Amino acid sequence: MSALVLIVDDEPAIRRLLRTGLAAAGYRTIEAVDGGEAVAMASRDSPDIVLLDLGLPDIEGVDVLRTIRNASAVPIVVLSVRDDERGKVDALDLGADDYVTKPFGMAELVARLRTALRHRLAQDGVLPVFRSGRLTVDLVRRVVRVADREVHLSPREYDILTLMVANAGRVLTHRAILTKLWGAGGDPQQLRVYVRQIRQKIEADPERPCMILTETGVGYRLAMMEQPEEETE
Amino acid sequence: MTDSSFSDRDGRPSPDALLKSAKRDARGRLKVFLGAAPGVGKTYAMLAAAHQRLREGVDLVAGVIETHGRAETDALLEGLPVILRRKVEYRGHVLEEMDLDAILARRPRLVLVDELAHTNAPGSRHPKRYLDVQELLAAGIDVYSTVNIQHIESLNDVVAQITRIRVRETLPDNVIDQADEIELVDLTPDDLIQRLRDGKVYVHKTATRAIGHYFSPGNLTALRELALRRTAQRVDAQLLDHMRSHAIQGPWAAGDRILVCIDRRGGTALVRYGKRMAERLRASWTAIHVDAARGAAPSGIDHDSIAETLRLAEELGADIATIPGTDVAKDVIAYARANNFTQIVVGCRERRPWWQGSISRGVIAAARDIPVHVIGISDDVAKGASIARHQGPRPGIVTYLGAAGAVGAAVVIGMALRQVLNVSSISMVFLIAVLATAVRVGLWPSLFACLLSVLAYNFFFLPPLYTFTIDDPENVMTLIFFTLAALAGSNLAARAREQAVAARDRARTTENLYQFSRKLAAIASLDDLLWAIAYQVATMLNVRVVILLPDAPGSETLALRGAYPPEDEMDDADMAAARWSWEANRPAGRGSDTLPGAPRLFLPLRTAKGPVAIVGIDRAAGGTDTRAPVLTPDERRLLDALGDQAVVSIERIHLAEDVERSRLRSETERLREAMLTSISHDLRTPLSAIVGSVSTLQSFEGKLDAEARSELLTTIADEAERMGRFVANLLDMTRLESGAMTKRQEPVDLGEVIGSTLTRAAKILGHHKVALALQAGLPLLPLDAVLLEQILFNLLDNATKYAPPGTTVTLRGWSDRAARWVELQVIDEGPGIPAELLERIFDKFFRVHAADRTGAGTGLGLAICRGFVEAMGGMITAANRSDRSGAVFSLRFPNLSEQSS
Chain F
1 MSALVLIVDD EPAIRRLLRT GLAAAGYRTI EAVDGGEAVA MASRDSPDIV
51 LLDLGLPDIE GVDVLRTIRN ASAVPIVVLS VRDDERGKVD ALDLGADDYV
101 TKPFGMAELV ARLRTALRHR LAQDGVLPVF RSGRLTVDLV RRVVRVADRE
151 VHLSPREYDI LTLMVANAGR VLTHRAILTK LWGAGGDPQQ LRVYVRQIRQ
201 KIEADPERPC MILTETGVGY RLAMMEQPEE ETE
Chain B
1 MTDSSFSDRD GRPSPDALLK SAKRDARGRL KVFLGAAPGV GKTYAMLAAA
51 HQRLREGVDL VAGVIETHGR AETDALLEGL PVILRRKVEY RGHVLEEMDL
101 DAILARRPRL VLVDELAHTN APGSRHPKRY LDVQELLAAG IDVYSTVNIQ
151 HIESLNDVVA QITRIRVRET LPDNVIDQAD EIELVDLTPD DLIQRLRDGK
201 VYVHKTATRA IGHYFSPGNL TALRELALRR TAQRVDAQLL DHMRSHAIQG
251 PWAAGDRILV CIDRRGGTAL VRYGKRMAER LRASWTAIHV DAARGAAPSG
301 IDHDSIAETL RLAEELGADI ATIPGTDVAK DVIAYARANN FTQIVVGCRE
351 RRPWWQGSIS RGVIAAARDI PVHVIGISDD VAKGASIARH QGPRPGIVTY
401 LGAAGAVGAA VVIGMALRQV LNVSSISMVF LIAVLATAVR VGLWPSLFAC
451 LLSVLAYNFF FLPPLYTFTI DDPENVMTLI FFTLAALAGS NLAARAREQA
501 VAARDRARTT ENLYQFSRKL AAIASLDDLL WAIAYQVATM LNVRVVILLP
551 DAPGSETLAL RGAYPPEDEM DDADMAAARW SWEANRPAGR GSDTLPGAPR
601 LFLPLRTAKG PVAIVGIDRA AGGTDTRAPV LTPDERRLLD ALGDQAVVSI
651 ERIHLAEDVE RSRLRSETER LREAMLTSIS HDLRTPLSAI VGSVSTLQSF
701 EGKLDAEARS ELLTTIADEA ERMGRFVANL LDMTRLESGA MTKRQEPVDL
751 GEVIGSTLTR AAKILGHHKV ALALQAGLPL LPLDAVLLEQ ILFNLLDNAT
801 KYAPPGTTVT LRGWSDRAAR WVELQVIDEG PGIPAELLER IFDKFFRVHA
851 ADRTGAGTGL GLAICRGFVE AMGGMITAAN RSDRSGAVFS LRFPNLSEQS
901 S
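Line by line, the protein sequences give chains F and B.
Read the first sequence against this note's numbering and you will find it ends at 233, with the numbers running on by one and no gaps.
Read the second sequence against this note's numbering and you will find it ends at 901, with the numbers running on by one and no gaps.
The hints are simulated quantities; they were obtained by calculation from the structure and are not laboratory data.
Hints should not be assumed to be uniformly reliable.
On the chain F side, residues computed to face chain B include the following (Cβ under 8 Å) [said to hold, decoys possible]:
(1) Ala13
(2) Arg69
(3) Phe104
(4) Arg221
(5) Met224
(6) Met225
Everything numeric in this text was worked out from a predicted model, so none of it was measured.
Just so you know, even glycine gets a beta-carbon here, dropped at the ideal spot from N, CA and C.
Between the sequences and the hints, there should be enough to build the whole structure, so can you do that?
In structure tokens, the structure reads:
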């Protein structure tokens with residue numbers, strides 16, 4: 001059965017668009033027009049994924065997010081505006097799985113929803129070998145290859161990369177990476193230096209990265225690129 | 001300087017000392033050439049030093065040089081740039097004074113100013129030259145100056161004792177103490193006398209008489225010793241400073257603390273002695289006055305004298321204290337013990353009434369282990385009396401007439417009782433008259449009554465009657481006893497009266513102060529407060545008051561902000577004094593040290609942060625002597641008390657204003673925030689819908705059924721339109737604000753415009769019913785049809801946003817009978833507008849329920865309506881329906897064409 005998406009947005013025009021677009025992409029949808037309704041429907045209708053607009057009339061979007069997250073582990077993708085970096089970071093740190101910036105393309109939105117859903121399913125069993133484009137990471141043998149060429153990473157670089165692999169396709173906030181690997185005392189500047197080094201080693205053009213993407217003001221995202229092999233499977 | 005500030009036990013430089021040297025760096029540096037007597041060559045030494053500096057390339061000028069025609073000195077003046085002196089005319093004489101302003105304008109590195117102790121001509125900015133010098137130093141200009149030892153305040157008495165000449169021009173010690181360098185210009189007495197004989201010493205004409213005595217070898221030796229000692233003290237102090245700021249440990253003087261007891265008149269000698277002693281011992285010192293409640297309060301002159309003495313002590317660097325008490329000696333000792341004083345200085349009066357116990361003896365008896373220094377002092381009454389006073393009305397002739405009347409009454413009563421009482425008993429009647437007079441009108445009238453009584457008693461009652469002779473020796477005794485009883489009684493009664501009057505005055509003052517503070521606490525606006533302060537000061541001190549404040553917060557320009565009696569301008573001299581007082585945070589103007597020529601006295605009301613206001617005082621009957629102080633020390637104290645309360649209140653209001661300002665600022669912030677949120681939301685939402693719909697069509701073309709496709713296309717069309725409206729609104733607003741709006745006002749048929757608006761708004765009105773009620777025969781109005789349509793459209797748009805679907809929106813239009821104006825109304829059946837927001841809904845970016853963005857507009861529509869309506873000379877108002885919930889927007893346009901035709 002196709003996944004059930006809970007759409008939370010106060011703008012009728014946006015709801016109508018999402019309803020139509022997601023239906024075309026094969027999802028079932030239910031709609032909430034404000035935070036209160038969203039919280040109620042999230043627990044009553046157990047949606048497979050929540051698409052949450054941060055600017056709601058009654059309750060702050062992040063508060064809705066916190067309430068839903070406290071009650072369940074349902075994937076949550078946040079709809080946000082371009083200049084609200086703070087809100088995005090807060091939402092991600094509070095447990096949102098990803099965000100999409102308005103105005104958005106329907107294909108991108110659907111891709112994000114799919115990634116979020118897949119991660120939720122694959123939570124327990126990480127695949128032993130990760131592939132994305134020319135990048136291969138063998139998590140068992142701790143080998144990183146770029147188009148069959150083995151790349152040597154320092155232990156810290158490898159840790160950062162595997163964290164990204166575990167969350168491939170999703171954005172990781174600076175803070176999330178730092179607390180995971182450095183504990184409380186991490187320095188964003190330090191992280192930036194490591195990421196630059198990793199890019200030097202795995203990107204074809206480190207100035208224009210296509211593996212580790214920068215989400216300005218928010219964090220990093222490891223690109224999930226379709227591969228010819230997968231296509232054939 | 002207490003030894004607690006030597007806190008360098010851990011070997012670090014004391015912050016105080018470092019601060020002191022840093023402070024000096026910002027100011028100009030003062031170098032003083034100190035001499036023991038005139039003629040030792042101070043000016044010569046100064047000029048020689050100046051030439052040295054000139055050769056070093058220092059930019060220096062001579063401000064004032066007194067060469068007294070001496071050839072060597074004159075020769076040295078050659079080649080020095082000189083600032084010409086200012087000519088001051090005073091009572092027909094032309095006096096020359098240093099031109100302070102010219103020097104300040106010229107801003108040299110160094111100025112030569114001879115004779116630091118000089119008294120300036122009346123009408124100068126400062127009465128004393130050292131005050132001019134302080135202003136130069138404050139402006140960062142270095143000064144070289146000269147002083148003779150006899151001019152130093154604390155040595156004044158000593159020099160007078162040695163030479164028997166009291167020098168009138170004195171220099172406060174702290175001026176010398178604050179000098180950065182002192183150079184002693186020394187000459188042996190023999191050489192000086194030789195120079196005197198050679199005619200090389202200038203002697204003022206008036207002093208020629210005393211000259212022989214003054215320049216005796218003994219005097220000169222004593223003066224020379226004073227100068228040497230003073231310089232040595234100074235060098236010592238510098239060494240201390242140096243040791244402290246470089247954290248050099250050293251044996252410090254044991255912490256001596258000196259207590260100087262001030263008592264009635266003649267305390268200045270004690271204070272000067274205390275100062276010298278404190279310097280010698282490097283001790284801290286305190287001047288104390290015991291305000292003895294016993295007996296009569298000190299006479300006015302004594303009282304002022306004490307206040308002046310305490311002020312002198314403070315000027316010389318003492319702490320001052322006034323403690324209440326009954327037994328002066330005991331209280332002084334108790335205070336000394338409680339505060340760890342190690343030495344006590346008391347005065348011993350030369351002439352002192354035998355019935356008064358000697359305080360010095362009492363102190364010595366009680367002091368036990370504390371050393372007591374007893375200084376012989378003379379009652380320098382003249383000095384005390386010279387303090388000008390404004391007293392209450394003196395007992396006038398009326399009081400004496402009253403006294404005479406009382407005695408007359410006694411005579412009449414005595415006559416009536418003569419048959420019943422014997423002669424001695426009748427004296428009691430007179431005694432009553434005398435006592436009554438004393439209680440009612442005071443001592444002098446009662447003494448007068450006493451005299452009259454003696455005469456009348458003798459004349460009317462003691463045989464032989466109607467003569468001033470007495471037969472019976474017994475009656476002589478009666479008369480004598482009567483006289484003594486009457487004198488003693490009237491003295492006591494008068495004293496009791498004085499105390500009662502004083503107590504009443506004090507109670508009234510306290511009550512007034514209390515009322516004042518209560519009144520101030522209730523005032524919320526600065527202008528009211530200033531008025532209240534001015535009124536209170538004016539009525540309590542019986543003076544005229546002006547209050548000046550900076551004209552805006554943070555501004556340096558003073559403006560007259562309050563006055564009682566009301567006044568709205570001040571002359572330039574007053575303004576200059578007020579400015580100076582504000583900048584220097586010190587009193588200025590009449591009776592003070594600075595600009596004494598100004599008609600008013602200006603006092604800063606100050607807090608720890610600096611002055612907050614300047615109070616100007618003068619008296620209605622000001623008198624001509626501008627040098628006389630405006631206030632007595634008592635009045636100054638009262639003014640200080642009033643000022644303290646006033647400052648607290650002014651500060652309170654300033655604080656409240658600050659809070660209000662920051663509230664406004666955050667309000668503005670909030671508005672900007674709202675504006676940004678509004679614009680970003682209102683542009684982005686339709687944009688998101690359009691982009692999303694288009695991308696859906698692109699990505700899922702094949703998977704969309706016909707219904708879904710049409711829904712997406714409708715979304716695109718609707719949202720594009722919505723965005724178009726918003727952009728149009730933004731453009732309208734921009735045009736309004738930039739003043740670039742062009743309007744074409746032509747006679748317009750309202751019905752026609754309403755019709756076209758309804759057509760244009762058909763889409764947004766889809767869910768509402770529209771009712772139209774236009775009065776027939778509305779006049780044509782000279783309006784811009786495009787703007788009017790936009791106004792109506794915005795009002796309809798607004799109605800559909802807030803009124804629920806299915807309700808009716810009513811459009812009404814009518815004019816008055818004479819067709820002077822036309823009113824249009826847009827009425828909805830929505831929830832209406834909260835009463836408190838009725839005015840604000842026309843504000844830009846204001847929205848009712850700002851947080852609720854459901855269907856809400858941009859916050860621009862109504863603002864644009866108002867802008868357009870007003871641009872066309874109309875008026876727009878918002879109200880709520882009285883018959884049911886719902887909002888009413890009314891437009892009223894005047895029918896200008898009707899009037900002009």
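Now for the hints, and whether the structure bears them out:
1. Below 8 Å, beta-carbon pairs count as interface contacts, and Ala13 of chain F has one with chain B at about 4 Å; its hint therefore holds.
2. Annotation: Arg69 of chain F was flagged as interfacial toward chain B, and the flag is violated, the nearest CB pair being 23 Å apart, outside 8 Å.
3. Among the interface hints, the one on Phe104 of chain F holds; its C-beta lies about 6 Å from the nearest C-beta in chain B, closer than the 8 Å criterion.
4. Checking Arg221 of chain F against chain B by beta carbon gives a least distance of about 20 Å; that is not within 8 Å, so the hint is violated.
5. At a threshold of 8 Å, the smallest CB-CB gap from Met224 of chain F to chain B is about 18 Å, leaving the interface hint violated.
6. Checking Met225 of chain F against chain B by beta carbon gives a least distance of about 18 Å; that is not within 8 Å, so the hint is violated.
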